[in-house]
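K.L.:
Let chain L serve as the given structure and place chains X, C and U on it in line with the hints.
Chains as they are written, first to last, in the numbering used here: chain L, 1 to 244; chain X, 1 to 244; chain C, 1 to 244; chain U, 1 to 244.
These aren't lab readings, by the way, just hints derived from the structure by calculation.
Yeah, the Cβ is synthetic: ideal placement off N, Cα and C, and Gly gets one too.
A hint or two may mislead.
[Stated by the list, open to error] Pairwise CB distance ranges, derived in the manner of DEER restraints:
(1) S3(U) to S49(C): 38 to 46 Å
(2) K26(L) to L100(C): 41 to 49 Å
(3) S154(U) to E75(X): 46 to 54 Å
(4) I193(X) to I55(L): 40 to 48 Å
(5) I193(X) to E46(U): 53 to 61 Å
(6) K97(X) to I193(U): 27 to 35 Å
(7) S135(U) to L204(L): 45 to 53 Å
[Claimed, not checked] Straight-line alpha carbon distances no greater than 30 Å define the calculated DSS-like cross-link-like pairs of lysine-lysine that follow:
(8) K97(U) to K152(C)
(9) K4(X) to K26(L)
(10) K131(L) to K243(U)
(11) K133(L) to K97(U)
(12) K152(X) to K97(C)
(13) K152(C) to K97(X)
(14) K133(C) to K97(U)
(15) K97(U) to K68(L)
(16) K131(C) to K200(C)
(17) K152(U) to K97(X)
(18) K68(L) to K131(L)
(19) K26(U) to K243(X)
(20) K4(C) to K26(C)
(21) K243(L) to K131(X)
(22) K97(X) to K68(C)
(23) K68(X) to K53(X)
(24) K97(L) to K152(U)
(25) K26(L) to K152(L)
(26) K152(C) to K243(L)
(27) K97(U) to K152(L)
(28) K152(X) to K243(U)
(29) K131(C) to K53(C)
(30) K97(C) to K68(X)
(31) K243(L) to K152(X)
(32) K152(U) to K152(X)
(33) K243(C) to K243(L)
(34) K97(U) to K4(C)
(35) K26(C) to K152(X)
(36) K53(C) to K76(C)
(37) K97(L) to K152(C)
(38) K68(X) to K26(X)
(39) K97(C) to K4(C)
There are 4 protein chains.
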Amino acid sequence: MASKGLAIIAGVGPGTGASIARRFAKLYSVVLLSRTPSNFEPLVQEINSSGGKAIGISTDVSDANSVKSAFDEIEKQFPDSPLAASIFNPAGGFVRKPFLELTDEEYSTALDSQAKGAFYFAQRSLPLLLKAKESSPHPPTLIFTGATASIKGSAQFAAFASGKFALRALAQSLAREFGPQGIHVSHAIIDGIIDIPRTKQWVLPHEDAKLSPDSIADSYWYLHTQPRTTFAFELDLRPYIEKW
Amino acid sequence: MASKGLAIIAGVGPGTGASIARRFAKLYSVVLLSRTPSNFEPLVQEINSSGGKAIGISTDVSDANSVKSAFDEIEKQFPDSPLAASIFNPAGGFVRKPFLELTDEEYSTALDSQAKGAFYFAQRSLPLLLKAKESSPHPPTLIFTGATASIKGSAQFAAFASGKFALRALAQSLAREFGPQGIHVSHAIIDGIIDIPRTKQWVLPHEDAKLSPDSIADSYWYLHTQPRTTFAFELDLRPYIEKW
Amino acid sequence: MASKGLAIIAGVGPGTGASIARRFAKLYSVVLLSRTPSNFEPLVQEINSSGGKAIGISTDVSDANSVKSAFDEIEKQFPDSPLAASIFNPAGGFVRKPFLELTDEEYSTALDSQAKGAFYFAQRSLPLLLKAKESSPHPPTLIFTGATASIKGSAQFAAFASGKFALRALAQSLAREFGPQGIHVSHAIIDGIIDIPRTKQWVLPHEDAKLSPDSIADSYWYLHTQPRTTFAFELDLRPYIEKW
Amino acid sequence: MASKGLAIIAGVGPGTGASIARRFAKLYSVVLLSRTPSNFEPLVQEINSSGGKAIGISTDVSDANSVKSAFDEIEKQFPDSPLAASIFNPAGGFVRKPFLELTDEEYSTALDSQAKGAFYFAQRSLPLLLKAKESSPHPPTLIFTGATASIKGSAQFAAFASGKFALRALAQSLAREFGPQGIHVSHAIIDGIIDIPRTKQWVLPHEDAKLSPDSIADSYWYLHTQPRTTFAFELDLRPYIEKW
Chain L
1 MASKGLAIIA
11 GVGPGTGASI
21 ARRFAKLYSV
31 VLLSRTPSNF
41 EPLVQEINSS
51 GGKAIGISTD
61 VSDANSVKSA
71 FDEIEKQFPD
81 SPLAASIFNP
91 AGGFVRKPFL
101 ELTDEEYSTA
111 LDSQAKGAFY
121 FAQRSLPLLL
131 KAKESSPHPP
141 TLIFTGATAS
151 IKGSAQFAAF
161 ASGKFALRAL
171 AQSLAREFGP
181 QGIHVSHAII
191 DGIIDIPRTK
201 QWVLPHEDAK
211 LSPDSIADSY
221 WYLHTQPRTT
231 FAFELDLRPY
241 IEKW
Chain X
1 MASKGLAIIA
11 GVGPGTGASI
21 ARRFAKLYSV
31 VLLSRTPSNF
41 EPLVQEINSS
51 GGKAIGISTD
61 VSDANSVKSA
71 FDEIEKQFPD
81 SPLAASIFNP
91 AGGFVRKPFL
101 ELTDEEYSTA
111 LDSQAKGAFY
121 FAQRSLPLLL
131 KAKESSPHPP
141 TLIFTGATAS
151 IKGSAQFAAF
161 ASGKFALRAL
171 AQSLAREFGP
181 QGIHVSHAII
191 DGIIDIPRTK
201 QWVLPHEDAK
211 LSPDSIADSY
221 WYLHTQPRTT
231 FAFELDLRPY
241 IEKW
Chain C
1 MASKGLAIIA
11 GVGPGTGASI
21 ARRFAKLYSV
31 VLLSRTPSNF
41 EPLVQEINSS
51 GGKAIGISTD
61 VSDANSVKSA
71 FDEIEKQFPD
81 SPLAASIFNP
91 AGGFVRKPFL
101 ELTDEEYSTA
111 LDSQAKGAFY
121 FAQRSLPLLL
131 KAKESSPHPP
141 TLIFTGATAS
151 IKGSAQFAAF
161 ASGKFALRAL
171 AQSLAREFGP
181 QGIHVSHAII
191 DGIIDIPRTK
201 QWVLPHEDAK
211 LSPDSIADSY
221 WYLHTQPRTT
231 FAFELDLRPY
241 IEKW
Chain U
1 MASKGLAIIA
11 GVGPGTGASI
21 ARRFAKLYSV
31 VLLSRTPSNF
41 EPLVQEINSS
51 GGKAIGISTD
61 VSDANSVKSA
71 FDEIEKQFPD
81 SPLAASIFNP
91 AGGFVRKPFL
101 ELTDEEYSTA
111 LDSQAKGAFY
121 FAQRSLPLLL
131 KAKESSPHPP
141 TLIFTGATAS
151 IKGSAQFAAF
161 ASGKFALRAL
171 AQSLAREFGP
181 QGIHVSHAII
191 DGIIDIPRTK
201 QWVLPHEDAK
211 LSPDSIADSY
221 WYLHTQPRTT
231 FAFELDLRPY
241 IEKW
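This is chain L alone, in the form it adopts within the complex:
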């Protein structure tokens, strides 16, 4: 398989990030960013050994210098690959506790992981996406992963909701600025429990009550393949059984 370009996925654990990587690796070389190499190493191996092309770079997206190093490395390793898709799928900053028990650090971490991380990631991705406009097989795409907390500030979610609201603001602003330049910026609201190793033991009363990471990845792929006449900015994904 000849790679048609590059996809960067920030936030790759055993769940959604991995499924997105596998999906985009069918057409593109993929770069996996995660703080912990053990998060991406098996996946890099899996993709490379099944005919795709993947590398992993240990990156802390909430650290400007770490993001800078990662993108410098990407541009060095893939000087001629158009960046077709850049996906921000961060895990950090989740915390649920009474507001008066939240520490400064917990609140800051939520903002840093979600909002500042997305800012650094977008600032390095967008010039590459703009450069790829003619050569990418589909409109160059920047997708942000949101959550229920992106649109509702529930009790005890002050930190996480602040980070996720800020991330959605960033996504909207970028869609309005870079959409007219041909970049597809999208925000997906993942509303429910994702079916990943960590949630396996949560037994729910109904079948299929958790979001499938592969189906989330299909939705991201679908967004990526939309033509510029018909861009979706936002979609909300949830299991059929979810209350909302």
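P.N.:
Below, chains X, C and U without anything else, positioned relative to chain L:
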């Protein structure tokens, strides 16, 4: 091609409805509802002559009896076909004028075409969709077409926005009631000018500045194929250049 | 007390409407519209006997002719009073039941009571409000009463939510068209149980867990007294204990 | 005038903050927080010389230690005054520029001024507000000042919108957690240009086209005086002529 089930599309003119019909006709027999037979006749012929199966029924969706007759006819003609998708894509009720110049009839027509039409259509579709749960190749799906006016009541759009807001309320309520029963209910916000014969003469300053009906149809098809673990309720579609 | 103008309240039962009438009667002559005269008769008497001025007119707001008659009567009885405030506070159309059990009539009634009633009421109120711009002590005001169902289409609320969404669309559109003409158009989302005779027997686990009709009326009065430099369009009112 | 309690206003320049301070000083002792003493000194003098009681404390709300010192000082100076109202009205973080020209520092400053500042301020205010439940003349109140950018991420507003979205998330979360404990948490969306010294030279085509700071202050006071049966969470304030 052996049909795998049935799709009903209400509101079929030369634009989105026709594209949706063509897209769903690749897998399903399609029933096209429109007040004016000339709206669906060429399309019925086109689909039938290219290996698909289509019928058209002259129907006024804002009239309970007309909807009843149409569904009675559908059940008679397709007694054994599971209803895989039912799509409400009405055109009626659009009017833009100063509020004090709106007539009672214009305001009523907007509510009748959008909200009441959708009510009648959903009440007849849902029992068939529920019955198709085991036999439909994808989760039985009910999609409503919205517009910018579904989420913003602009000046001079009192009538149309009332109809479209009401339609969205209906869609949300049905998603919450029938989602847990395995029916995928979705609402698409079409935000921009659609590229159809009627809008051909509107020359816009940018290329690709109108929504492609075929791409809208692809999005509806994508919604239909989502598994029940990962249903999208709402997505907004607009040209890359659109202000929002 | 010399009346400084006129206030019309549509939808006057023993709850919010009565409190609004009492509040606005402190400065204005008030006209109370309700289908059932027994709804406004005691209140008319109460206001008149305590130094205010009130009349009641039996009106079905969902009937164009009935609204026409009411306004003709108002203009005859108060030819020189500027219309300072017009408040649409309808009760009709509430129904909660499984969608497939909803009758056509129930769905239509919700649209008629809320959306069409508001349309008729606004069309007759706005010319009078515009005429009152110089003479009304506060910016002429048109307020619509919303509910939780104005912004959320819950399961089993398809009819009521359709009506309330449509009403909110109308309010937004009118605010955008008539705000720049100096008319203050507002929409209040009443989110919770109102403390009225009918709900007295509902015992809640916390004190003060129901909305006070007098406090709702105070909020409407507050909206009315805002200067045109600083109009609020929407506010949401709920008991401190309410989940949202 | 005997003070009935205490009000703290963070973010006091010559505009809204000053009007809020004057309004709340009619009933309460007021504490004015601003980084620059020259922002609050004339106001402190004005309030004290007209029969009120005011102090100013030089505070950087985006700095945890600075907020800590300020509240320590407040508790020392007013050990027996119930905290009736705490108002977060920050000015920092506004920046409008193409995304790729935004500096890390500008993006961080927006989050720090709005979200982290509000976090520090709320964490120190809430214990005092809770303690004041029995003694405050009105339900203890925590109000946050939002902007258009609180609900819309416009092009070139990525930083400011991120901060304001995050602030709104925080406000929602606190309203849901502390409302049931009797604290009134509100968020005001100020949508338009405020009529302050800095904006005097902006001549608009219509009279009264800027928000009056005194009227904003009246709205905040109105929120503060609502009983717990009927709390408003959010209201949007704009000049009658504003496009939205």
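K.L.:
For the pair we were handed, K26(L) and K152(L), check the Cα-Cα distance against 30 Å.
P.N.:
Violated: K26(L) and K152(L) sit about 35 Å apart, past 30 Å.
K.L.:
Are the Cα positions of K53(C) and K76(C) separated by 30 Å at most?
P.N.:
Holds - the C-alpha atoms of K76(C) and K53(C) are around 16 Å apart, at most 30 Å.
K.L.:
Against the 30 Å threshold, does the CA-CA distance of K97(U) and K4(C) hold or violate the hint?
P.N.:
Violated, at about 50 Å.
K.L.:
Are the Cα atoms of K243(L) and K131(X) separated by 30 Å or less?
P.N.:
Holds. K243(L) to K131(X) sits at ~23 Å (cutoff 30 Å).
K.L.:
Using the beta carbons of S3(U) and S49(C), state whether their distance is inside 38 to 46 Å or not.
P.N.:
41 Å, holds
K.L.:
With the threshold set at 30 Å, check whether the alpha-carbon distance from K152(U) to K152(X) stays at or below it.
P.N.:
Between K152(U) and K152(X) the Cα gap is close to 13 Å, so the pair holds against 30 Å.
K.L.:
If you draw a straight line from the CA of K97(U) to the CA of K152(C), is it 30 Å or shorter?
P.N.:
Not satisfied, since the Cα-Cα distance of roughly 36 Å exceeds 30 Å.
K.L.:
Hint check: K152(U) vs K97(X), CA-CA at most 30 Å. Holds or violated?
P.N.:
OK: K152(U) and K97(X) at ~27 Å, within 30 Å.
K.L.:
Hey, K133(L) versus K97(U), does the alpha-carbon distance stay inside 30 Å?
P.N.:
Holds: K133(L) and K97(U) sit about 23 Å apart, inside 30 Å.
K.L.:
For the hint 27 to 35 Å, verify it against the beta carbon of K97(X) and that of I193(U).
P.N.:
31 Å, holds
K.L.:
Given a hint of 46 to 54 Å, does the C-beta separation of S154(U) and E75(X) actually sit inside it?
P.N.:
Holds, since S154(U) and E75(X) (Cβ atoms, about 50 Å apart) stay within the stated range.
K.L.:
Quick check on a hinted range of 53 to 61 Å for I193(X) and E46(U), using CB atoms only.
P.N.:
Since I193(X) and E46(U) have Cβ atoms about 56 Å apart, the given range 53 to 61 Å holds.
The earlier numbered hints that this structure contradicts are 8, 10, 14, 16, 19, 25, 34, 35, 39.
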